[in-house]
Structure formats: structure tokens, C-alpha cells
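Protein chains in written order, with this note's numbering: chain E, 1 to 368; chain U, 369 to 658.
In short, the hints are calculated from the structure, not lab data. Check before you lean on any hint, since a few could be wrong.
[Claimed, not checked] Below are the BS3-like pairs computed for lysine-lysine, each with C-alpha atoms no more than 27 Å apart in a straight line: (1) E/K58 x E/K102; (2) E/K215 x E/K63; (3) E/K165 x E/K90; (4) E/K63 x U/K645; (5) E/K63 x E/K102; (6) E/K63 x E/K324; (7) E/K324 x E/K90; (8) U/K645 x E/K324; (9) E/K58 x U/K534; (10) E/K165 x E/K102; (11) E/K215 x E/K232; (12) E/K90 x U/K645.
[As the list claims (entries may be wrong)] Covered, in the sense of this in silico footprint (three residues per stretch, anywhere, with C-beta under 8 Å from a C-beta of chain U), are these stretches of chain E: (13) 66-74; (14) 282-291; (15) 298-306; (16) 338-344.
Just so it is clear, CB atoms sit at the ideal spot from N, CA and C, and this is done for glycine as well.
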Amino acid sequence: MSLESALDGQIVICAGPGGVGKTTVSAAIAMEGALRGRQTCVVTIDPAKRLADALGLKALSNKPSPVPDEAFEAAGLPPAPLDAMMLDTKTTFDDLVHRYAKSEDRAQSIIDNRFYQAISGALSGTHEYMAMEKLYELYWMGNYDLIVIDTPPTRNALDFLDAPKRMTSFLEGRLLKWFLVPAVGGGRGVFRAMNLAAVAFLRVVQKVIGAEALKDTADFFANFEGMYDGFKERAQAVYELLRQDLTRFVVVVSPTDQAVEEALFLVSSMTSHHLHFGGLVVNRIHPRFSGAAGDAVGTPLGDRLAQIAEEFEQVRRREERCLKRLESEVPSRRWVRIPYMNRDVANLSSLNDVAEMIFAGSGHLARD
Amino acid sequence: MAARHDLRVLVAEIEGKNALSSLLAAPPLTSEPHELRPGLWAMHVSPEEALSEYFEVQFHAKRVVKPLVTSQLVYYVTHAAPGLRDILMLGKIWYQVARKGEFDLAILDTPAAGHAVSMLRSPEGFLEAVPVGTLAGHARRVSDWLHDPEQVAVHLVSLAEETPVKETLETTRLLEERVHMNVDRVHLNMLYPPFAEDPAVNAALDRLKTPRGLRPRTKDAPPLSDQRAQALFACGEFYRDRRAIQQEHRQTLIDGLDGTASVIDLPFLFGDAFAGKELDLLADAIEDQA
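Work out the full structure, taking the sequences as your base and the hints as a guide.
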């Protein structure tokens, strides 16, 4: 039971339902890689403050910065080549626009456009798209032996995989452009006479959302013209990067019914997309207190503990059921289990404890 | 809980995963309210459905628009105006509750906190961008309704963990600053209850330093094996530590709220499943504290 094979790759993508500790697991995997001497970068989405502090992430810079040597020393560890960053979706999207725009003016008018502002911040799939975009950028910079990326909690299992493609076809806006492009020229006819029903519909739309909003949309697509090919090529390259041999997907899950179903769906979608599954991390398992429940102890404290132990037994049964369900789909040699900890991960030392559990029985122990 | 008081209650899930209906072993929710338990109704709200319904009601537009064209256009249109998707969904709920008056209470299960803020702000945001027009009139009515404390209250749900508490405080602040809505209540879910009712027993747990401390002092008590003492000790230590962490985060929440909203503690449920019975346990907890 180890996640050793995940570290064989160059890229580790941590995916899974929300609230299972993905960010912590990503950071722990990255730390392990760095401690083994590999130049490593971890991209986090929204780390808890203590974890961010532990990694020396004070500002949202959207650029990797090294975890200070002192942080390692304070944890009794040798300094390791670990960089960390927090993803800023909007800035990453802006960078991409600057990269592909025909001119600086055009880039600026896209960035100032209200329609762009709405989609670059809030459109579902944007976070996933930008996380993958950042990964691609870091990969091609070539500075890292290992990149570990935390994914946003997704509503749909493989959003991060489909997002670049979905977003680029959205940006292409073929259908909408057809209707709206003449509006930009400021000619008399706002809509192209293509289909009476559709034109009637657009009139209604214009009445409802206002001509301004419709014009913003049309402007956006007009300015985006010509950039689309660059975006599309890039999306294809990202897709290939995700499917290459050295990209490993680690699924993080906690033992609850809902999380398990989501994770299993994720694993099966990965298989059908020919992605390389690097293992499963089952996080936040309540510890077992075997033998604690039972007859009265004869003291108020002991008796109450026996009762609590009985309650934990029920939790254990619930969790066992979840683990069984996982095991029916994913062989347990591909898992690691991490117990619910009785303290928060607040420094590199506790992060190292997590890494130790993830890589127990493999290279990690040799280090100690 | 409200449905127990003979109120007609509507729960609206937004772009959700049908969590409520699967909890009560009911079929997936639709855009029409459906009665799950006596007095407890539920519906699902999606922007696409809300938009086509809106057009239908407002303009009798359905018959002129071909479905194929709409499905793609609707996608763009709902993203074209700032917050249009959100207004449509709020509008649908307003229509169902305030306009039709079919329910005494509606509970809106919003998406994650960050999105909830932009959602509740959407009518104001829309009015800033598009002050006139058909929808602007509707946005104004929805906005007035949202800001009437007699009509609408905001309750947040959180966990006693670092990130959720941080997000809850952030959401509270954003709602005040950007939306001018005050959070009434925070439900803090999955809290380990106090170890024991008797303070002396709690104190005894705090004092417990080794498994030896668990041995009964009287001779006539049944013998306690080392192994069991070990296990009981580990169990007590874990409970105490987790509860301490939770209480620390709970305190951060209370300090951060600074009396602006009340906090309702919801217990961690040790039962081996989560279904209707567990829902009742949570309703009891809310009823006791509210």
C-alpha cells in the first residue's frame, strides 16, 4: 500500500470531491518529491491559512516561490527544492489573452470587456481550465522535475479534463458570432437575417438583457476573432499532456457514501479516457479503538469512554462499508489510508507526517 | 423542522446533486415543487429552465423559437449579462414564494459560499449594468424582496474546521459589504458534543494522562485488562483532541462574527447511516437552540 508509482511521473494531478483534504495531500506529495531531491512545484487552489503559512505562501502571486529553508529546518528536515504557488484564475486567463491577442490594444479591450470579466471569473469550468493552463505553462518552462497540482472541487468528475475543450468551443462562439458580428460594425441591421425565429428570439433577448449586454458579447467575440486558433491548439496540447505516460492522477477521497461514489465515478472516467491512475488516498478515516467498547468499566469516566467507543464503532462500520465499496472497484494495493488527525496540518513537520503515511514502506522510511 | 409546525415548506436546490431527495429516498427533483414529506416540498432550480420558463411567461416566446437554436443560444445568453443566470434562479424562487404565495417558508440551498454571494448580489449588479428594461423591473422587485428582513434571512452552514470557518467569516463580510444583507445564523455542523453531561466526568477526561488512570480504584470493580485500558485511553485522547480543535475553530468563528449572527451547534452523528431519522435528529438540535 503505497503511492510510490505516482512519484515515478513528472506530473501528479490530485483530484477528488470537495472537503476531503486534497490540498494537504497535494502538498504532502510535493514535499516528498522535493525531499527526494527533485525540483518540485506544487500548485494549490485555495489552501487553508495554516498550510499556506507553512508553505510560505503569504501573497497570491500566481507565480511559484520557494518554500524557505528555515521552514524545513524548523521541522527538523533538510532543506529541499520545493516551490509553491496559489492559482489565480483571473490573472492566468488574462496572461493567456495577452499571449494570443494580435495586439496589446486588442488584449486590453478584451480584458476590459464585461462579458469577458463575467466568464473569466465565474463561468463554470474556468477554474479547471486555468489550473490546467498553469500546469502546461509550468511544464514547458522546464524548471521542474515534478509538478503537483491540486484541482478545484468539481461538480462533474473530469471537468478539468474537458474544461479546456469545452471552454475553447464556447470561446469560438460560432453560432453566436454568426448572429452578432454585424452589430459591432454599427450598421443599421443589428442582426443578420438568417432565421426569422432566431431573430425574433434575439430581439426578445435584447429587450430583456438590454442592448448593452448584447453588444458586450458581440464585441467580445469580434475581438476574440483570430485568437481562437491559438487557444484551440493550446487546449489540444494540454489534453495530450494530461494523457502522456508521465502524468499520474491521484484520487483523494474520504470514507463517506457521497465522496466514495464521486471518487469511483472519477476513477472509472479516468480509465475510459486512458489516463494514468496513480493511486487512491483515503483520507480522514476515524481511528479504530478495537477492544475499547464492551462491559462497564466501573468508573464514570471509564463507562462514558466505553459508550463513546461504541459510537465510534458505528462510525467504523459506516466507514468500513465505504471502504468495501471502494475495494470492489479499486484493488486495495493501490490505496493508502490516512487517519483523521487530532491536529491540523500547520507546519512542514505535520505535512511530513502525512507524506510519511502516503509513502510508508517505500523510499520515505529510508530517509529517517 | 419548520414542516413539523404545520408550515408549508419549500426547499429549493440550486444546480444541486439531488442531495435532499436521495436522503429521503425520493425521485430526483424537478423544476416543479414536489412533496417529499407532509408539508415538506422540494424543487430543483436551473438557469436554463428558469430562462425558458421566463420567456414563456413573459413573451409567450416558446412557440416561435426552435429548440435547437435555443439550446445553444440560451447558453450564451445566460452568460451574456452580468449575473443573469443567478437572477433567473432567484426570480424563479421569488415567483414561487412571494408571487404565488404557495408556501409559508422557502429554504434556498445555494451553491458554495463564494457563488452564493454573487448570486444574492446579482439583482443589484444587473441593475447597475442594465437600469432599464423588462428584466430590470423584475430585478428590482427581487432585490427589494431579498433586502426585506421580514421576508428573507441568510443562514450559513459551516464546519468547525479551519477553511470552512475562514470562508464563513469571509462570506459574512462580503454579504454585508457588497450585498447589504446580514447573516442571521451560522449552523455549525458535525460538532463533537461535550464528552459527558457531568462536569466531573469531563474534568476526569481532561486529567487523564495515561491508560493507568482508567483503573477503577475500588476492589469490587471488574478487572480492566491493559489492552482495553490502552484502547479506551486512545479513544478518550482522540475525542478530547478533536473536540478541542473543533472548539478552537468554533471560537474563531464566534469571535469573528462578533455577535452579529447566532451560532447553532449541530452534533456529529455517530449513527451508521444518514437518512430520514438523522434528519430528525438535526431538526431537534435546531429546535432546541433556535
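For each hint, the structure was consulted:
{"no.": "1", "hint": "E/K58 x E/K102", "verdict": "violated (35 Å)"}
{"no.": "2", "hint": "E/K215 x E/K63", "verdict": "violated (35 Å)"}
{"no.": "3", "hint": "E/K165 x E/K90", "verdict": "holds (18 Å)"}
{"no.": "4", "hint": "E/K63 x U/K645", "verdict": "violated (49 Å)"}
{"no.": "5", "hint": "E/K63 x E/K102", "verdict": "holds (25 Å)"}
{"no.": "6", "hint": "E/K63 x E/K324", "verdict": "violated (41 Å)"}
{"no.": "7", "hint": "E/K324 x E/K90", "verdict": "violated (41 Å)"}
{"no.": "8", "hint": "U/K645 x E/K324", "verdict": "holds (24 Å)"}
{"no.": "9", "hint": "E/K58 x U/K534", "verdict": "holds (16 Å)"}
{"no.": "10", "hint": "E/K165 x E/K102", "verdict": "holds (22 Å)"}
{"no.": "11", "hint": "E/K215 x E/K232", "verdict": "holds (25 Å)"}
{"no.": "12", "hint": "E/K90 x U/K645", "verdict": "violated (44 Å)"}
{"no.": "13", "hint": "66-74", "verdict": "violated (count 0)"}
{"no.": "14", "hint": "282-291", "verdict": "holds (count 4)"}
{"no.": "15", "hint": "298-306", "verdict": "holds (count 8)"}
{"no.": "16", "hint": "338-344", "verdict": "holds (count 4)"}
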